[in-house]
Amino acid sequence: MAAQLTGSKTACVIGGTGFVASLLVKLLLEEGYAVNTTVRDPDNQKKISHLVALQSCDLVFHVATPVNFASEDPENDMIKPAVQGALNVLKASAKAETVKRVILTSSAAAVTISSGEETGLVVDESNWTDVEATLPPRLAEKAAWKFAEENGIDLITVIPSLMAGPSLTSDIPSSVSLAMSLITGKEFLINGLKGMQMLSGSISISHVEDVCRAHIFVAEKESASGRYICCAVNKCT
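Counting from 1, one number per residue, gives the positions in the sequence shown under UniProt numbering.
Calculated from the structure, these hints are not laboratory results. A few of these clues could be false.
[Stated by the list, open to error] As a list, the in silico PhoX-like pairs of lysine-lysine whose alpha-carbon atoms are at most 25 angstroms apart:
1) 146 - 194
2) 221 - 146
3) 80 - 95
4) 91 - 146
5) 221 - 186
6) 142 - 91
7) 26 - 146
8) 91 - 80
9) 142 - 9
10) 80 - 26
11) 91 - 221
[Unchecked claim] Per label pair, the in silico range of CB-to-CB distance:
12) 55 - 184: 16 to 26 angstroms
13) 8 - 213: 18 to 28 angstroms
14) 55 - 191: 37 to 47 angstroms
15) 55 - 29: 27 to 37 angstroms
16) 183 - 150: 17 to 27 angstroms
17) 55 - 183: 22 to 32 angstroms
18) 187 - 98: 45 to 55 angstroms
19) 98 - 143: 42 to 52 angstroms
20) 149 - 177: 17 to 27 angstroms
These numbers come from a predicted model, not from an experiment. The C-beta atom is built at its ideal place from N, Cα and C for all residues, glycine as well.
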């Protein structure tokens, strides 16, 4: 069922202290939304109070996802938390009687990188990556779509490219560190950019505020459905 928002509006932002989520909370408040958000319990990092936060919410934005470029155990550090986190939010949304639409933040890594010999391919929202290193966003999004379709949840996914821009958080976001590596000279991150360019043919960068406004736009647009790639027109090669 398409989202229909009338009167007062309440949104829940999962992972509200993150790079994208913190700005999304700010913009939603400026748009007149009442906003609930979740953060990790400082005494238990695996516990997030989805059910309480989703009460009386019309829209749910699942923006939280684990990112660790240096992980030696991606299965447990990124893949399992990403998949289970998405499913936890959707399960809680299914139980909440007020939630009209769920917006999931995916990643361009789920669509734009191909392990084939040809690079610089034109891709759209029908594409799925086949590169093992980019499994977390792909598996999390696919699991979310499967659950949503089986349980009648109005789900939309926003697929941003590499994000940069000012942060409301005290730490430097991982995507900003990656984008700034050509300035900072951090070889490990520079190699990451080179890998992205080699596999995709280019590197597209999005401004974090544009990404947040895209989330709000598709959340409010009644006719919106499916997946939406969010990236800048110009590319870096």
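Right, here's what the structure says about each hint:
1. 146 - 194: violated (33 angstroms)
2. 221 - 146: It holds: about 23 angstroms lies between the C-alpha atoms, which stays within 25 angstroms.
3. 80 - 95: Between residue 80 and residue 95 the Cα gap is close to 22 angstroms, so the pair holds against 25 angstroms.
4. 91 - 146: holds (12 angstroms)
5. 221 - 186: Measuring from Cα to Cα gives roughly 41 angstroms; hence the hint is violated.
6. 142 - 91: holds (15 angstroms)
7. 26 - 146: violated (31 angstroms)
8. 91 - 80: Holds, at about 16 angstroms.
9. 142 - 9: Not OK: residue 142 and residue 9 at ~28 angstroms, beyond 25 angstroms, violated.
10. 80 - 26: The hint is violated at about 29 angstroms.
11. 91 - 221: Distance of about 23 angstroms is within 25 angstroms: holds.
12. 55 - 184: 16 to 26 angstroms: violated (43 angstroms)
13. 8 - 213: 18 to 28 angstroms: holds (21 angstroms)
14. 55 - 191: 37 to 47 angstroms: holds (45 angstroms)
15. 55 - 29: 27 to 37 angstroms: violated (19 angstroms)
16. 183 - 150: 17 to 27 angstroms: Between residue 183 and residue 150, where Cβ atoms are some 46 angstroms apart, the hint is violated.
17. 55 - 183: 22 to 32 angstroms: Violated, at about 44 angstroms.
18. 187 - 98: 45 to 55 angstroms: holds (49 angstroms)
19. 98 - 143: 42 to 52 angstroms: Hint violated: Cβ distance 24 angstroms, outside 42 to 52 angstroms.
20. 149 - 177: 17 to 27 angstroms: The hinted range 17 to 27 angstroms is violated for residue 149 and residue 177, with Cβ atoms some 36 angstroms apart.
Checked against the numbered hints listed earlier, the structure breaks hints 1, 5, 7, 9, 10, 12, 15, 16, 17, 19, 20; every other hint is satisfied.
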